[in-house]
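Since chain A is already given, all that's left is putting chain B on it; use the hints.
Top line first, the protein sequences correspond to chains A and B.
Just so you know, we're using our numbering here: the first sequence kicks off at 1 and counts up by one.
Just so you know, we're using our numbering here: the second sequence kicks off at 1 and counts up by one.
In short, the hints are calculated from the structure, not lab data.
Among the hints, erroneous ones may be present.
With a Cα cut of at most 25 Å, we get these calculated DSS-like pairs of lysine-lysine [what the hints assert, rightly or not]:
no.: 1; chain 1: A; residue 1: 146; chain 2: B; residue 2: 75
no.: 2; chain 1: A; residue 1: 222; chain 2: A; residue 2: 524
no.: 3; chain 1: A; residue 1: 201; chain 2: A; residue 2: 490
no.: 4; chain 1: A; residue 1: 422; chain 2: B; residue 2: 82
no.: 5; chain 1: A; residue 1: 222; chain 2: A; residue 2: 242
no.: 6; chain 1: A; residue 1: 121; chain 2: A; residue 2: 145
What follows is a list of derived Cβ distance ranges for each label pair [unchecked claim]:
no.: 7; chain 1: B; residue 1: 70; chain 2: A; residue 2: 270; range: 22 to 28 Å
no.: 8; chain 1: B; residue 1: 57; chain 2: A; residue 2: 66; range: 47 to 53 Å
no.: 9; chain 1: B; residue 1: 73; chain 2: A; residue 2: 374; range: 30 to 36 Å
no.: 10; chain 1: A; residue 1: 339; chain 2: B; residue 2: 57; range: 36 to 42 Å
no.: 11; chain 1: A; residue 1: 115; chain 2: B; residue 2: 57; range: 51 to 57 Å
no.: 12; chain 1: A; residue 1: 95; chain 2: B; residue 2: 73; range: 31 to 37 Å
no.: 13; chain 1: B; residue 1: 107; chain 2: A; residue 2: 299; range: 40 to 46 Å
no.: 14; chain 1: A; residue 1: 337; chain 2: B; residue 2: 57; range: 39 to 45 Å
no.: 15; chain 1: A; residue 1: 335; chain 2: B; residue 2: 61; range: 40 to 46 Å
no.: 16; chain 1: A; residue 1: 376; chain 2: B; residue 2: 71; range: 31 to 37 Å
no.: 17; chain 1: A; residue 1: 272; chain 2: B; residue 2: 69; range: 16 to 22 Å
no.: 18; chain 1: B; residue 1: 71; chain 2: A; residue 2: 117; range: 42 to 48 Å
So these bits of chain B aren't anywhere near chain A, every CB distance computed over 10 Å [as the list claims (entries may be wrong)]:
no.: 19; residue: 53
no.: 20; residue: 58
no.: 21; residue: 60
no.: 22; residue: 61
no.: 23; residue: 64
no.: 24; residue: 65
no.: 25; residue: 66
no.: 26; residue: 67
no.: 27; residue: 75
no.: 28; residue: 80
no.: 29; residue: 82
no.: 30; residue: 99
no.: 31; residue: 102
no.: 32; residue: 103
no.: 33; residue: 106
Computed from a prediction, not measured in an experiment: that's the story for all the values here.
All C-beta atoms, glycine included, are put in the ideal place defined by N, C-alpha and C.
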Amino acid sequence: MVVDGNFVAANSHFRGQICIVGGGVAGIVLANELQDAYEDIIIVESGDEHYVPEAQELYQAEKYPDQLPDPMYSRMRFLGGSSNHWQNNTSPLSPSDFEKRDWVPNSGWPISFSDINPYYKKAQYYCGVGEDGYNTKQWSSVLNKKDEVEESALLITAIAKASSPPVRFYQAYGERLKSASNITILTNSNMVDIVYDSSDKRVRQIDIVSNRGGNITVSADKFVFAMGGIENARMLLVFNQKYSDQLGNQGGNVGCYFMEHPTPRAAQLFADDVERLEFYKSVQFKDRTVVGFLSLSEQVLHDHQTTNLRMPLIPKDEYTLSDGISSSHILAESFARHSLPDNFSDHLYNIVGDMDMVIEAVARKTFGIKLFEHANKITGFQIPMMMEQTPDKNNRIYLGRAKDRLGIPKVSIDYFVSGFDKACVWRSLMVVAQEVGALSLGRLKVLEERAERLWSNQLGFSDHHMGTTRMSSTPEYGVVDENLKVFGVKNLYIAGSSVFSTGGHVPPTLTIAAMSIRLAEYLKNV
Amino acid sequence: MSKLFDGSRRSILKLLPVCMVGFLVPRVAVPGPRAKNTLLPDILHLALAAWNQSEKVSPEEYLEGVNIHDYEEIKVSEFNEKQMIIVDGFVLCKSEVAVLATIASRRAIAV
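Isolated chain A (complex conformation) (with noise of 0.2 Å):
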């Protein structure tokens, strides 16, 4: 049942086997696999059933840096978390992305791709994506679609799955929920204070405060912080201060090691048969599309030392892909700035060759009409990568100096992308470039010379927030171990991204299901 904490009455308590901290995909995923298991769930989220701005306005940041979108709106504080508004593109890690690669600043997680691939079939339910897998061979069969890389030892056809439409997690499975006589769904309820004890070392009950401002108390055998990947930390940095880091901030990691998806779109692709690139479009199977996208092989990794690619090919038209409108935008930032940039004159040259697509460029935007029909016309593919980023103790959650209405500590965040991690795309590129010209797939236009936009306010972001609370063997280099209870106390867990101990190349939320699932079969059992 759902109860909605801004009309409980003042003082309340609540005691559950399990109080799962979050209903978002994590919790969500976690109560629908405990609900056979314990007697009694209660899950606390801060926001309602549906979007309630007092609780999405405790998502403020404090500081975030101006490139990264902003933490209040890039995530989604309400049952059903930020599958609010996903765009349900689901995909496995790759067994590479768990391994200690040498090259790899901090990479290797303490539990290997087996260890996580038995879930992942389950979780591709809950993502509402079908339990076929992710299988290029079997997809390409399927389709009736030929993978022209099939033959390649240096570049894969990945599959991505998307149910259509998006599976909102509430929306599919709280009705479960509210109608589990064991399952207590506490809305409007901010987790705001928790009672450790330290002689025992367990966490005895979490302090609430409503939306409203009420005082309500959960006391449970276990605790689970489902919160997301910025909040998990913030939250847990709040509670290191009153208990003197020892809720797995022994090695100063709590909030450290944050990472993202960034997606440059670093390189074009200009294809000599369009017709064979088939695989790489979007298409509808039964209740879902299944797209594939290139990657590069692990062979290509490890040789090149290099991290991967999530390469989705999206066919563009001339107006889009126009060299001419961007060396414009180059040249007018230049020109505020009172500078000229370094390659002044190739930029001049792109604008004169281009000059119609720049004309277009200003029709459009100042006019509102198109002036040519073949600014339309599909050139050639740009290519959104999607790029692992090497996880780096200073990209980090932190708490700032202002506080919310609750009195917790904004956060902070301290965020960029390496030289490594951006000569690891580069590097990548031209394995790509070598690649699809040896196939004869096209030639690939890699837009180096657009580097310093590229990386700034040019550089897309995914919403991924991972690694702030990261999976480790010992807590010198993490938070949680390997099966998510926090180093240092007895009866707490984390799940979501945020235990993440590399992002890899793909989106979380799969693998956010699947290590929901693992969990919960953990919980199951101590």
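Below, chain B without anything else, positioned relative to chain A:
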């Protein structure tokens, strides 16, 4: 409105600024690799510059050693052997750039 500009007008639109910049750039712009021979098509000139920067032999000499009947195979093998040159961001194989650079050098002489 979309048909306002037909093909011929578009050509004129492109030609006018090219001539203008071809005239102006050597005089006012920062001298770059393309400050000379500005009448050459852009990609050809860039190919020649890229070739000269990375290779010791002339593009003509290089192509003399290439069997034109096996051109497709040669391109594949050059990519496989990482014999690539970047021209204006395009990652091309050596023989492709050699062809473009050869045209550029011959046209430069003609100009």
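Review point. For residue 64/B, is the shortest beta carbon distance to chain A beyond 10 Å?
Key: At roughly 23 Å from the nearest Cβ of chain A, residue 64/B sits farther out than 10 Å, so the non-interface label holds.
Original post:
Beyond 10 Å from chain A, beta-carbon-wise, is residue 58/B?
Top reply: holds, 23 Å
Beyond 10 Å from every chain A Cβ - status for residue 103/B | holds, 17 Å
| query | Using the C-beta atoms of residue 70/B and residue 270/A, is the stated range 22 to 28 Å upheld? | reply | With Cβ atoms ~24 Å apart, the hint holds.
Next on the checklist: Does residue 102/B clear chain A by more than 10 Å, comparing its Cβ with all Cβ atoms of that chain?
Outcome noted: Given that every Cβ of chain A is farther than 10 Å from that of residue 102/B, nearest at about 19 Å, it holds.
Can we trust that residue 61/B is non-interface, i.e. its beta-carbon lies farther than 10 Å from all of chain A? holds, 23 Å
Does residue 80/B sit more than 10 Å from chain A, CB to CB? violated, 5 Å
Lying within 51 to 57 Å: is that true of the beta-carbon distance residue 115/A to residue 57/B? Since residue 115/A and residue 57/B have Cβ atoms about 55 Å apart, the given range 51 to 57 Å holds.
Residue 57/B and residue 66/A, beta-carbon distance inside 47 to 53 Å? For residue 66/A against residue 57/B, whose Cβ atoms are near 49 Å apart, the range 47 to 53 Å holds.
* CA of residue 146/A to CA of residue 75/B, is that 25 Å or under? -> holds, 23 Å
Is the distance from the Cβ of residue 107/B to the Cβ of residue 299/A consistent with 40 to 46 Å?
Between residue 107/B and residue 299/A, where Cβ atoms are some 43 Å apart, the hint holds.
* With respect to the beta-carbon atoms only, verify the hint that residue 376/A and residue 71/B lie 31 to 37 Å apart. => The hinted range 31 to 37 Å holds for residue 376/A and residue 71/B, with Cβ atoms some 34 Å apart.
In summary, the structure is inconsistent with hints 27, 28 and 29 from the numbered list given earlier, while agreeing with the others.
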